[in-house]
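K.L.:
Here's the letter readout for the chains.
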Amino acid sequence: MKLELRSISKTFHTRRGNTYALQEITAEVASGEFVCLLGPSGCGKSTLLNIVAGLERPDAGVVLIDDQPVTGPGRDRVMIFQEAALFPWLNVRDNVTFGLNVAGLPRSEQLAIADRYLERVGLRGFEKAYVYEISGGMKQRVALARALALDPLVLLMDEPFAALDAQTRDLLHTELQDIWLHSGKTIIFVTHNVREALVLGDRVLLMSARPGRIKREFCCQLARPRQIEDHALVDVAREVLADLREEVMAAKQEVGSERLAA
Amino acid sequence: MNGWRLKLLFFVILLVIWEGLARLRLWPAYVFPSPVDVVQSILSGFGDGSYSLAILTSMRRILIGYGLSLGVGIPLGLLLGRIRVVQDTIGTLVLGLQALPSICWLPLALLWFGLSETAILFVVVMGAVLSVTLSTADGVRNTPPLYIRAARTMGARQWHLYSGVILPAALPAILSGMKLGWSFAWRSLMAGELLYVSLGLGQLLTMGRELNDMSQVIATMLMIVAIGLVVDRLVFSPLERHARERWGLSVA
Ligand SMILES: Nc1ncnc2c1ncn2[C@@H]1O[C@H](COP(=O)(O)OP(=O)(O)OP(=O)(O)O)[C@@H](O)[C@H]1O
Ligand SMILES: [Mg+2]
Numbered sequence: 001m002k003l004e005l006r007s008i009s010k011t012f013h014t015r016r017g018n019t020y021a022l023q024e025i026t027a028e029v030a031s032g033e034f035v036c037l038l039g040p041s042g043c044g045k046s047t048l049l050n051i052v053a054g055l056e057r058p059d060a061g062v063v064l065i066d067d068q069p070v071t072g073p074g075r076d077r078v079m080i081f082q083e084a085a086l087f088p089w090l091n092v093r094d095n096v097t098f099g100l101n102v103a104g105l106p107r108s109e110q111l112a113i114a115d116r117y118l119e120r121v122g123l124r125g126f127e128k129a130y131v132y133e134i135s136g137g138m139k140q141r142v143a144l145a146r147a148l149a150l151d152p153l154v155l156l157m158d159e160p161f162a163a164l165d166a167q168t169r170d171l172l173h174t175e176l177q178d179i180w181l182h183s184g185k186t187i188i189f190v191t192h193n194v195r196e197a198l199v200l201g202d203r204v205l206l207m208s209a210r211p212g213r214i215k216r217e218f219c220c221q222l223a224r225p226r227q228i229e230d231h232a233l234v235d236v237a238r239e240v241l242a243d244l245r246e247e248v249m250a251a252k253q254e255v256g257s258e259r260l261a262a
Numbered sequence: 001m002n003g004w005r006l007k008l009l010f011f012v013i014l015l016v017i018w019e020g021l022a023r024l025r026l027w028p029a030y031v032f033p034s035p036v037d038v039v040q041s042i043l044s045g046f047g048d049g050s051y052s053l054a055i056l057t058s059m060r061r062i063l064i065g066y067g068l069s070l071g072v073g074i075p076l077g078l079l080l081g082r083i084r085v086v087q088d089t090i091g092t093l094v095l096g097l098q099a100l101p102s103i104c105w106l107p108l109a110l111l112w113f114g115l116s117e118t119a120i121l122f123v124v125v126m127g128a129v130l131s132v133t134l135s136t137a138d139g140v141r142n143t144p145p146l147y148i149r150a151a152r153t154m155g156a157r158q159w160h161l162y163s164g165v166i167l168p169a170a171l172p173a174i175l176s177g178m179k180l181g182w183s184f185a186w187r188s189l190m191a192g193e194l195l196y197v198s199l200g201l202g203q204l205l206t207m208g209r210e211l212n213d214m215s216q217v218i219a220t221m222l223m224i225v226a227i228g229l230v231v232d233r234l235v236f237s238p239l240e241r242h243a244r245e246r247w248g249l250s251v252a
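Chains as they are written, first to last, in our numbering: chain A, 1 to 262; chain B, 1 to 252.
Isolated chain B, as found in the complex (with noise of 0.2 Å):
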């Protein structure tokens, strides 16, 4: 049975043992709701609008949040992993500040920025900067000597030793920082969503607390599960794949 079957079946008889599991009526609903339960509350939830709002304004902060980190994180690996000093003083503060859960900035957040917009983007960006910074500087330490020197041979430097060179050959690494970046800053949102900010997927699992819809509380954990794979494997593994085919790394 070849692995897609399997996993197909799997997943089904999953299905088929909660809808079981569900119609015993051991507990109810609201502890213990059914797959078409949950499946309704996704139904409701698109058919007045509150999932589809929810899930706009979530990835509306995770792609400005990610974005900075994106705009931070790449120079500053850049400078990490071409300078001395950096790497020393700067490298070194980044490399402690990750072993920080980043939910941990949310109070420095809150007492800094106030109940904003701005409070759970700097949460974001804290959970994804770090693992980009790290990756890039990672990369350009690992550019091939040869690559520089050809370029310089060939007239390079600065803007397109950097831009041309050392860049693109860290690109690899650079990918996979995003992507575990991307991971980083979707839990970062969805905890500090779920702590405070109103709106979004995380709201969305609080209400349903509040409200005891133990149904919209599932349907929301698929939802979230759904964009974070949904967005790995549709934009990241497959740039992963073709960067490191091209560069000729070999495919893990």
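Bound conformation, chain A alone (with noise of 0.2 Å):
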């Protein structure tokens, strides 16, 4: 498998404007990669991954899968939300067999499946709660096994963990780490933290301030599984950080001269 970002660019247009999201943005993620999207917010982050989904298109340029053209959405690229975008009328189990019931997978197929993604995110027992039953870190890995129930090429996480509280966070770094070791799974993983991008990643793609762009590329080879304090990390982070933060702060003034201007 090979996903191709080809000169992507997209600009909404709203009732108060224009906005230039993402300008001419070119990349490439090889099978097995583990690549995240870094940059400040509202630099088109999501944007970008709800295209490469197939959830919105671009004005220009081209999403190609093993080079196919991505028309649409599709199960070969599942996304992960913040929020874990659960359906609240179905139990965990059937949550996670939603997807395999589309695909028209007989019923005890989906189950054992299901089961064996569960287990997989150390949820075996939780079958039959709800989602009004379980907390925030569950959700996340209920959805993390509904996505990956789905075998998917690629795995698209927009700052799933955002939400968490640390501790949870750190768990599921590990556990996703794991989880993309023995699975060899794609991912691409949206966030605006340095030290996630670098605890994740092995490969860091810094996003410009709007209109995004790839600013700078960064590789990360340290050791797995890698922890948010491993000194390594930090130095790493702290030059990463510098970059980030340039672009925070024209991010900054973008909005700025946008309120001087309306």
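What the hints contain is simulated information worked out from the structure, not anything from laboratory work.
Fair warning: this is a prediction, and the values are worked out from it, not measured in the lab.
Relax, there's no trap hidden among the hints.
The following label-pair restraints were derived from C-beta to C-beta distances: (1) B:83 with A:69: 25 to 31 Å; (2) B:225 with A:104: 48 to 54 Å; (3) A:174 with B:5: 54 to 60 Å; (4) A:183 with B:59: 53 to 59 Å; (5) A:107 with B:83: 30 to 36 Å; (6) A:69 with B:157: 15 to 21 Å.
Sample of chain B residues facing chain A (criterion: CB under 10 Å; computed from the structure): (7) 147; (8) 149; (9) 151; (10) 154; (11) 155; (12) 157; (13) 160; (14) 164; (15) 168; (16) 169; (17) 171; (18) 243; (19) 245; (20) 247; (21) 249.
Glycine included, each C-beta is placed from N, C-alpha and C at the ideal position.
Dock chain one against chain two, each of which comes alone in its own frame, and use the hints as you go.
P.N.:
Structure, rendered in structure tokens:
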């Protein structure tokens, strides 16, 4: 599998004016790679991920998967959101089988797969629980199991741990690395947290303030499993952070000038 | 004193006052029957089968009429909620028609369908279908976009999106509409039966009036209230509460 983004641009037109969100984004993601998209708030990370997911169309450019252009959503590219987006009318297990059911798998197979992945994310015994009965961290685990169950080519994660407390987040960082190592999945992970990007990614793509471009690319070859407080990691983080800060300032200025213009 | 005891006490006092007033014989019994008379009317009415027949007839009508309302209202609401053009056209019509008390459809129904069962069913459907439609549309419009995006990224389209996500997401709203629709349907049916149609509880009321049998009138009114309440308390309220809890909405 090879994922290619070819000069993707996107502008949003609203009543209040146009937002130039993405400008000529070009990047490649190899099979089995763990890539993090890092950038200031509002730089277009979610937009880019949505375009890869096929939930949004670019104005120009194309996303290619094995040289086939992406034309819409598909279960080869499953997305995980900041809010777990579980369906509250289904129990945990049925949430996981949702996509398998859409795919038309026989029920017995769906259940077997669901149980396997629920076990994988440490939620055995919670199959029958409903969404309102489980914690935020557990919800994201279910979302992860639900996505993994579809065996997608690429896992798209949009700040999935941003709303969790620090301990839960650290735990999930470790588990996600573990899952990635064992499954060999390709993952694109969006975050605005430098350390999170470095803990998880093989490669970190730093995006500029709006309009989003890929400003720099960092390779992160530190040994796994990484922890957020590893010394080596903190050192690299400092360098990346300097770069990110520039963009955050740029983003702030832009918002400021917009406010002046308004 | 907790809630139900207070209520019980209130109703006991009410009954005692009623019985007391009746015993004073200020008015003739056919104008002001005592509770005992009413209970006797109920017993004899069930004894000779006339009340049971009336209840069964009314229940059959409401079940058919209400069922039709759901069958039309829920799909129509789905379309209204999802398709802009339908909302702007049919949606406006439905909203407008809701201002019309459903019994006003009776003359039209009689002219179209004659003195028939269909006429009364039509009135019942017109009573219930609009609120079911509007609530469903409302629920559909308020489906969190995130659910739809999550489903689409898992490959769901059309059928799976509607039946698996949009419909269940709208279920609490649909249930509210169903509950409202039920009470409208019940009122419409009673009004319709009262005005014209043979058999049924409404007819019992008319008969009671014609026979100067106030006990029967009050007994019938009590049965109408009881059926309305029982269905609401035993069917809709638990369903609604369950759904709101499960869906993570505030339990009102
Ligand atoms: N549907 C939309 N309509 C109009 N503007 C939009 C839409 N979606 C995003 N935007 C705008 O595009 C820009 C990029 O948004 P995006 O959500 O991709 O940013 P982000 O990098 O994910 O930010 P954050 O880190 O805060 O999630 C923002 O300025 C946003 O206001
Ligand atoms: Mg975002």
